[in-house]
Amino acid sequence: MGTSKLKRELGLLHATMLGIGGAICAGVFVTLGYAATLAGTALIVAMVLCGIINLFTMLSYAELGAALPSAGGEYTYAKASFGGFLSFATGWFEWISNMFYAAFSAVGFAYLLSYVIPTINIPLVAVSAIIVFTLVNIKGVKETGMTQTSLVLILLILLSIFVAYGFLTSQATGVLDLKAPGGAFGVLRASAFVFVVYLGGEAIAVAQAEIKNPGKTIPRAILLTCFSLMLVYTAISIVIFRIVTVESLASQSSPLAYVAEQFMGPVGVGMVTIAGIIAALTSVNTSTMAHSRVAYALARDGYFPKRMFNVHARFSTPTIAVIAGSVFTAAFAATGIVNFVTYATDFGFIIGFVFVNLSLIKLRRDKPNLARPFKVPFFPLTPILGIATSLLLIFFLEPGTLVLGLELFIFGLVVYYVRMVGNCGICSAVGGMNFAISGFSALMAVLLVTDSLPITLSHDMLWLLFTIAVVISAVYSVAGILDVTKKVQEE
Amino acid sequence: MRRPRRIVSLVVGLVQCGFGGLASVLSYFIYSSSSLREALAIAPEEVYLYMFISSVFGVLSIVSGVMLLVQENGRRQG
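For the protein sequence lines, the chains are H and V, in the order given. For what it's worth, numbering that gives the first Met the number 0 labels the leading residue of the first sequence as 0, then goes sequentially. For what it's worth, numbering that gives the first Met the number 0 labels the leading residue of the second sequence as 0, then goes sequentially.
There may be inaccurate statements among the hints.
[Unchecked claim] Covered by chain V, per the in silico footprint, the following chain H stretches (three or more residues, Cβ under 8 Å):
#1 425-439
#2 456-468
#3 475-483
[Claimed, not checked] If you want the ones that stay clear, here's a sample from chain H, every Cβ over 12 Å from chain V, calculated:
#4 Glu8
#5 Ile51
#6 Pro117
#7 Ile119
#8 Ala183
#9 Glu260
#10 Asn309
#11 Pro367
#12 Arg371
#13 Phe378
[Claimed, not checked] Here are some, though not all, of the chain V residues that point toward chain H, as calculated from beta-carbon distances under 8 Å:
#14 Val7
#15 Ser8
#16 Val14
#17 Ala38
#18 Ala40
#19 Ser63
#20 Met66
#21 Leu67
Hint data in this document are derived by calculation from the structure and do not stem from the laboratory. Since we're looking at a predicted model, the values are computed, not measured. We put the CB at the ideal spot given by N, CA and C, even for glycine.
With the rest of the complex left out, here is chain H (with noise of 0.2 Å):
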């Protein structure tokens, strides 16, 4: 493994493919249903209003890629601006995140394909997944980039066909008058429901050190995601009510396979089915491949095992990085733990949005004189509604998303901490640990020996437990001594 750079291979169509093929997701095949039942018609407002929302922040995104075209997207621009936790911090929400859509993505690659072949298993698949498109982003970003781009067309033209299938169709029974029965705030919450349809539009960030060009590319391509992507969620929002009425919809699980149905019979379905199918494997290869660019700077700065920023000398890759976050991708798939830890993906890629505003903000302020091929318009009114949107949609995120969110926090101020103070900072730590255990474990067995606990034990178990709680205390007192001691049995 040699300590090669990475390569500027990808265009303009290969960058703006995989921040249209990053953001479309089987999510948009499915959330339609239940944001149909809190907006109405009006969904498409809220499918426009999403686009908005989005186009906030991408143009920061477009202004600080072109500036600092450095691998790490956010992370990379948090730590121009902030350095220290912060930058870490965002970085770890981006690599974790993007790991979690790796597996979420994978699994609903799965679950999809289980409707053309009933009889795979969904883990097992999920997971080969994720092997292909490990070796794919291996095998170089041109490869990387060239798959992307030959999935992503397809998806965009099974997509046309229906839009224009639909606009075009005699069998409309739907009515196309914007009708919201919750109100503002309906199409408020229906928007934060799907704004996940919009994420991932930032992968082209995260590639920037592999973009050609990229004081021209990156705001071409991310401007163009933005537009590409507000105008197909719309058009398929006008078409879906044009066909069926809301009542129709709210409770068809595949309500884009169901739409289709009506108006193309069953090719309408399987057409849809492999679309879904597409936006899956699209969604694991540009998570690959982000989770993988966001390692290889946190290593590059220290956070992360060196062998992480090694680049392949013939591939022209960082595979460790790849390889790494690919087994814990596929771990997530395997397990099934994806589906209640994807809700963390949305307060990830959210706090990355919060947090590439606020560097926005920063380094015009810091570093006034630095090469800016683009700059965001109406600053700085741009980044602050980018960060008024991003953190208006943390209040409409379940409360188990914030609390996931708040854990993953901890474990990474328990990584950094590790990573950032010496051996002998771990070994006081976790000395002060053993004996705060040992401490607790000795008033137990005093609690317990002179029943002072308000619990009823039987005989036997009392003194099991009192024998117990005695030599936890005595052997994480040793422990203690040994880890605090440490340093001066070194000197």
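Following the hints, put chain V in place on chain H, whose structure we already have.
Same frame as chain H, but now just chain V:
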């Protein structure tokens, strides 16, 4: 002095890892075994609390035990 210290570190490290493993298993059985809950006088509303405490204790013990083992192994190789 180094040899007795090394032996004590290895023994304590192994014991801590053992305690950590047992605590993790205990956490599972607190959830799944009603007879164990009855023996330990754990009320139904306290199950998750005891599971959490047991899990945290298990993880911390394993971390501490592994650190002792790795440090002594590293010192011996050095």
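Going through the hints against the structure:
no., hint, result
1, 425-439, "holds (count 6)"
2, 456-468, "holds (count 3)"
3, 475-483, "holds (count 5)"
4, Glu8, "holds (41 Å)"
5, Ile51, "holds (43 Å)"
6, Pro117, "holds (32 Å)"
7, Ile119, "holds (30 Å)"
8, Ala183, "holds (39 Å)"
9, Glu260, "holds (44 Å)"
10, Asn309, "holds (23 Å)"
11, Pro367, "holds (46 Å)"
12, Arg371, "holds (46 Å)"
13, Phe378, "holds (46 Å)"
14, Val7, "holds (7 Å)"
15, Ser8, "holds (5 Å)"
16, Val14, "holds (5 Å)"
17, Ala38, "holds (6 Å)"
18, Ala40, "holds (4 Å)"
19, Ser63, "holds (5 Å)"
20, Met66, "holds (6 Å)"
21, Leu67, "holds (6 Å)"
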